[in-house]
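Chain A is already provided as a structure; the job is to place chains B, C, D, E and F on it using the hints.
Number of protein chains: 6
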Amino acid sequence: MASSSAVYAGAPLALAQNQSVVAIGAHSDDIELGCGGTLAKACQAGLQVTCLLLTHSAYHQIDGKDRTAELAESEGLEAAATLGIHDVRCLGFATTELRWEFALVEAIDAVLREVKPSLIFTHWPFDTHQDHHFGAMATLSAARLFPTVLTYEPIFPSGRSFQPFRPQLYFDIGETIEAKLESLRCHRSQHAKYGDDWLEAVKARARIRGYDTGVTYAEAFEVVRMRVTL
Amino acid sequence: MASSSAVYAGAPLALAQNQSVVAIGAHSDDIELGCGGTLAKACQAGLQVTCLLLTHSAYHQIDGKDRTAELAESEGLEAAATLGIHDVRCLGFATTELRWEFALVEAIDAVLREVKPSLIFTHWPFDTHQDHHFGAMATLSAARLFPTVLTYEPIFPSGRSFQPFRPQLYFDIGETIEAKLESLRCHRSQHAKYGDDWLEAVKARARIRGYDTGVTYAEAFEVVRMRVTL
Amino acid sequence: MASSSAVYAGAPLALAQNQSVVAIGAHSDDIELGCGGTLAKACQAGLQVTCLLLTHSAYHQIDGKDRTAELAESEGLEAAATLGIHDVRCLGFATTELRWEFALVEAIDAVLREVKPSLIFTHWPFDTHQDHHFGAMATLSAARLFPTVLTYEPIFPSGRSFQPFRPQLYFDIGETIEAKLESLRCHRSQHAKYGDDWLEAVKARARIRGYDTGVTYAEAFEVVRMRVTL
Amino acid sequence: MASSSAVYAGAPLALAQNQSVVAIGAHSDDIELGCGGTLAKACQAGLQVTCLLLTHSAYHQIDGKDRTAELAESEGLEAAATLGIHDVRCLGFATTELRWEFALVEAIDAVLREVKPSLIFTHWPFDTHQDHHFGAMATLSAARLFPTVLTYEPIFPSGRSFQPFRPQLYFDIGETIEAKLESLRCHRSQHAKYGDDWLEAVKARARIRGYDTGVTYAEAFEVVRMRVTL
Amino acid sequence: MASSSAVYAGAPLALAQNQSVVAIGAHSDDIELGCGGTLAKACQAGLQVTCLLLTHSAYHQIDGKDRTAELAESEGLEAAATLGIHDVRCLGFATTELRWEFALVEAIDAVLREVKPSLIFTHWPFDTHQDHHFGAMATLSAARLFPTVLTYEPIFPSGRSFQPFRPQLYFDIGETIEAKLESLRCHRSQHAKYGDDWLEAVKARARIRGYDTGVTYAEAFEVVRMRVTL
Amino acid sequence: MASSSAVYAGAPLALAQNQSVVAIGAHSDDIELGCGGTLAKACQAGLQVTCLLLTHSAYHQIDGKDRTAELAESEGLEAAATLGIHDVRCLGFATTELRWEFALVEAIDAVLREVKPSLIFTHWPFDTHQDHHFGAMATLSAARLFPTVLTYEPIFPSGRSFQPFRPQLYFDIGETIEAKLESLRCHRSQHAKYGDDWLEAVKARARIRGYDTGVTYAEAFEVVRMRVTL
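Protein chains in written order, with my numbering: chain A, 21 to 250; chain B, 21 to 250; chain C, 21 to 250; chain D, 21 to 250; chain E, 21 to 250; chain F, 21 to 250.
Keep in mind that the hints were calculated from the coordinates and are not lab data.
From a predicted model like this one, the values you see are computed outputs, not experimental measurements.
Every residue gets a Cβ at the ideal spot worked out from N, C-alpha and C, and that includes glycine.
Certain hints may be false.
What the hints assert, rightly or not - In silico EDC-like links for lysine to aspartate or glutamate, alpha-carbon gap of 20 Å or less:
| no. | chain 1 | residue 1 | chain 2 | residue 2 |
| --- | --- | --- | --- | --- |
| 1 | B | 223 | A | 217 |
| 2 | A | 213 | C | 129 |
| 3 | A | 85 | C | 126 |
| 4 | C | 223 | D | 220 |
What the hints assert, rightly or not - Among chain B residues calculated to face chain D with C-beta under 7 Å, some are:
| no. | residue |
| --- | --- |
| 5 | 120 |
| 6 | 122 |
| 7 | 145 |
| 8 | 161 |
| 9 | 164 |
| 10 | 244 |
Okay, chain A solo, but in the shape it has when bound (with noise of 0.2 Å):
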């Protein structure tokens, strides 16, 4: 499919390899979500990749269908692993409980400091989940020494906000879009719950997102700061 843009239009920016990359979600399936076709298309060029999950991402829901830790923990690894993750972390606090606190700022900060991330993905911190916007605080305060990081755009129901996203940064995800809805339906138990419509509305965004800066598929991120070397 030809990119509308293709007649003219510049390359992207290329970045170099041997970068590292860790990716911060408050539960099992966000990261995947917000920039799993990113990691994989990372993961691809050899840079390393680390998943830290927030929370240990168990919960009881109102309609009964639960999702217990264990569940969440194999279902999150074989996700990653399809994208080619195999660094994945928990820090294992309580689903829905999270706080913009000193404990989990310290925990963010410790893995930070272990891996020194070039690059650090994050939820975006207008996202309506209390537990997203907690996470996204916290890691802003843990990665105040780090010079680059990008926030990825909520979706439904986490992206209800009161505020607008503003997608400014993309990278083509045009050969990894598979391996991310593959990524998800790892997350049986909620894919179940969400069913086919939530594979349908992902493929679609990064369509969009995608149409946006000319190519087929992208994933789109607000950019808190970016330190680049030319």
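Showing chains B, C, D, E and F alone in chain A's frame:
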């Protein structure tokens, strides 16, 4: 396809009938792109719909592909008819040369005073095509005495703003998405220029906006102001 | 009194009947201040209206003036009845101690699932009273599956934000402004505390918001999101 | 009428005397609407006040009601005198045709260099009347070397922006609200056009802005920048 | 050094004397960083200045460098004295554990009611250190009855926000920049931790903010609200 | 000078070589002020850099100091050469008279189509010099098919906006700060006009932006959009 929110979400607000609508766009096809599905639904619901084009929509493109005013008009009338709209007016200003000036404001004003719409659709003011921006601003000036103005979401290439669009008000266009796409195909000169990518992107955007609000396809608007009667 | 916009402005949008509304406020009197006129109009129009107070609304003030939970409840019920509202619920959290936490989100969620409102009113998220802010955020979390959420305008002393409120959606309250003021007088403890200034300010704000939209008195709302059916 | 904040709020900041002020407006009556009460107070305090009108303020209205330049001037001079202002200047640009262009910037610049004001008032940049917007922008260009610029709050119909005004700086106009209203009555052509609603709305807005800051009547401004000496 | 704007810029606004000021900061040294030069100038001008620290400012750092509460206090008192400030108070909340909660709001409120400041300085709400953010929010809650609140500009590492700071009000600190730098040197534990870079950055920021407003050195503030008397 | 963040911050993102850059400015010296250090670094890294001036940059100043087009050109070429740039183009529009119009958009478009840049730098849209604003908007229109657009930070007097600039992307210019300052000295007419203050302010800003991102000197940009390839 069952919506993920089918379980317990409330019903949408329903608008009363006997309302009139004016949709304003700088060029032929802008209105279809921005709110074509909503207008088709409005026609089905018995509302009176008027489309107001600000320019004659002819252009001479760098790569030699032209659109004459006659072609723009014939394609536009066919597209509008596909949506069920038969009142299409054109102010005939020169394409690419719109300015936020009294002549334009007054010309829009005259149409609004005649139609007395309950609902006005226009471009989003931060669109980066100069005609779209100035058309939006002139509409805001002209519409100062009207209670309800909604701005439609820009789409690439116009929609590459330096500001974030804030989707707030959604119309369900599940029944009219095909009419919307068909109306865009009526713009054969544009379809030839942008390819099937263009339609795919429009559909993907409608899908993600629909998912955001719990339906299959939707169009989203940022609210300038609305007056509602209970 | 003739409106200045009577000459040629279009009619307001009219909502269909048979809708249910949930209005959420942190304390007794917040709802009346924010959307009391609109709720009275909604009752007249036959909509089902539920008020949900998040705290027991008792406080011990520095200057020795207290409001007991019993007083807050009796004043609140009388105020609601003045507006035509008979379904008033209270979650009973401690005044001044609200947090954006799962316990609060879940408690709101339970009411929303029962009532299935088409329309939810809540505090504006940038209000600088901590209970108002956290109550707004918890509502946004709880309401994630509901199509329409509007935030009401804060009024001094709560409304001294560091951010600007954006009035977007107006309900005409010309027929219910007196009921709104009467409902505030029912909060005798607050009326005694703030004096007639308080009522004057509420009326002045309704007048200026009315003038903004071409009627005599109105209440204004910033739109989180709305789904509308034509 | 006792202010609700009389109990323990601190005193307002007080400005030193011997300052000069330039108030800029696109049309006759804009300055009175935006900051008339503050200017009357400034005159009483012995500050030198200059009003600068950008257009001759004549217009030919659709409904046949005209205002000639002569009428605008005579009404404007009388209105200014009511506030205690005797230095009123007019750049004479054509009404409705202002542009953000060098000719306008330079003409404003010449007045500013002569008067050397400590304080400049102008329109709010997001006002949706094109003359107000372009006048504001030209003022911002011309005032680049001046330390203090405040923008006054728009009022309907000009004030129907797509952006929220942020009230930040308040001047108490309790002693001059009547002079402000009287100055508006001097604009007999406008009073006839808008009716008593217009004055009522102006007074209601002053009342609510006063209540916001703990006094009876106030005018509110969004701050472009201020330099203050302790 | 002659300012580039010396040629024809107007004079700054001058504040009257006999005002009292409360500057609030989460930790020892925050106030000096944010508004130390302005406070030194205020002392010289005869205003009464109170510094209010929210935490005891002790911390245990990951790299083993600690600051005890005693050290924080002694360094802080010396720093304040350098600026001419002798009223320094500490609420003693635990460092890194501030929350936007009633206990904090009430404790700030008690100080404000005693001092009755004309001018309150606090952190900028979008600062990404959790103590700075929650301290700002608690100040905004506590200060609801006070007419003037200014927020000071964050500086790295605290100032790495996801939102843009809006410099609006400038105080000339040309006469007190050295006192400000000296007060920071009094925080020997912090100077040792951050090095001379820290002082250089503070001075560079004062230089660019000064240049912005036509003087040599300045501190800049975003305005929450001000009430000014002419 | 050791950076305070040297201890454990990750590496910056590194861009690949073989990219081309177009930097756009309204007047001679705007580009050097906004991104001169970054462009010098880009030249050193082997990227192809084109500077595009929109106006002939001649002006006749109120105080009698003029800059002819010839002088602007000769100073500009020397300044560019100091940075290592040898491709400097000028569209020759009249200084102070830029408009956001098709003629300007098309002229920029022609250069972009020829050079096909990976990276475009332009003014920040909220700059209050009319040429800077309209130049920014015309660039955004012309660049609609290009993947990466960054806006540089305005500096006084242009940078006195009514909106806050959001520094997001930082380029380390520690190796090129002297070349940047030297390039500004080449603009002898401007150096004479603004004095050494001008250079001091530029250096101070580079220092504080460097400190923000953990290096000694940096230039900061607000991101319109970027496409990045891993």
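Check your understanding: What are the numbers of the hints that this structure violates, sorted from low to high?
Key -> none
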